[in-house]
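Protein chains in written order, with our numbering: chain A, -3 to 235; chain B, 1283 to 1389.
Calculated from the structure, these hints are not laboratory results. Please note that the accuracy of each hint is not assured.
Cut-off 30 angstroms, straight-line C-alpha distance, at most; resulting in silico cross-link-like pairs (DSS-like, lysine-lysine) [said to hold, decoys possible]:
hint: 1; chain 1: A; residue 1: 12; chain 2: A; residue 2: 102
hint: 2; chain 1: A; residue 1: 12; chain 2: B; residue 2: 1367
hint: 3; chain 1: B; residue 1: 1367; chain 2: A; residue 2: 16
hint: 4; chain 1: B; residue 1: 1367; chain 2: B; residue 2: 1387
Restraint ranges, calculated between C-beta atoms of paired labels, are given here [as the list claims (entries may be wrong)]:
hint: 5; chain 1: B; residue 1: 1347; chain 2: A; residue 2: 42; range: 35 to 45 angstroms
hint: 6; chain 1: B; residue 1: 1389; chain 2: A; residue 2: 68; range: 26 to 36 angstroms
hint: 7; chain 1: A; residue 1: 69; chain 2: B; residue 2: 1348; range: 29 to 39 angstroms
hint: 8; chain 1: A; residue 1: 182; chain 2: B; residue 2: 1384; range: 20 to 30 angstroms
hint: 9; chain 1: B; residue 1: 1348; chain 2: A; residue 2: 40; range: 30 to 40 angstroms
hint: 10; chain 1: B; residue 1: 1319; chain 2: A; residue 2: 101; range: 17 to 27 angstroms
Glycine included, every Cβ here is placed at the ideal spot set by N, Cα and C.
For reference, the chains in residue letters:
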Amino acid sequence: MIEPTGEHLASTFLCKEGIKAGWPICLGYFPIGLAFGVLAQKAGLHPVEIGLMSLLVFAGSSQFVAVSMLSGGASALSIVLTTFVINLRHLLMSSSLAVYLRSVNKSRTALFAYGVTDESFAVNLTRFRNSNWDWRQALVVNQTANVAWIVSSIVGAYSGQFIPAGALGIDYALIAMFLCLLVLQLRGRLYVLTAIVAGVLAVCLALVIPGNSYIVLASVLAAFIGVVCRRKDILNDQV
Amino acid sequence: MIRSEYLLLVLGMGLVTYIPRWIPIFILSRRQLPRWFAEWLDLIPVAILSALVFPELVTGGSPRYFDLLRPQLIVAVPTFIFALKTRSLGGTVVAGMLLFWLAGKLM
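Sequences are here, hints too, so could you generate the full structure?
Quick look at the structure:
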């Protein structure tokens, strides 16, 4: 029998903390995963194929788009290209997370990178900033969300049609989570200003361009405007 | 059960999704960032969160149209205040869901 060691207890603690931080993501993923499973099954995919896509891609909106393109008879190349464009926003998120992963070795960060999503990024970055968040706790967050996503899409493939749409306000889970994470990021006037600029830009862009490229465009521009404002303040202080 | 052309498709999708997730961590974690870039990155999270959530609140449909009367926006106001007061992620998610469910019953 294996005696519980200090190391073992520490990893149990890290795991618990990670799951605690990750459960709101699971709550948000479940209805979306179910919906994805149902749609994918209607598009003619086998539950195993649906689970495989959730495992290999693990990026919600691009999977919905891929399924609708598949049922519309699109070519594999155009689906892969579209997936690339939709998921390019993760480049920014990984860039922000990279700062906190300096001490972690390469093969571990390669594993970590797999689980960077809009939601896990937001949860982990907040924790990295405000507490002694360990990369292993962050990995648990990623993988907890990953399991919820894969399981819910397979459950959806088999049984989603029996779950009523909009049950218990579940459609609002991710919006509420993003709102709270946004609040936690508002650490000063510059952050509030950047948030307003990004929000207004995103809404304007979303109205004129289809798809979700407005997320990348609006946030890149808003952060750039924020940096310019910060620099101007520094100049004013020195005069 | 899994068709081979489908396997190729999801492998391709997986690869093009993984690379942008991995490259910045691989490159940036090894070197010092220029100051303007670090300042820019510092503002990226708040900008992304805002860009993710605002269009969800005030636009709907496909193609999207502007709508200030969406229950998503109306529920967002008390949810936002709840988040400001409690700073609790789990609590805000539950409160938001409850309010959205209530809004669905009333509207």
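So, against the hints stated earlier in the document, which numbers end up violated here? none
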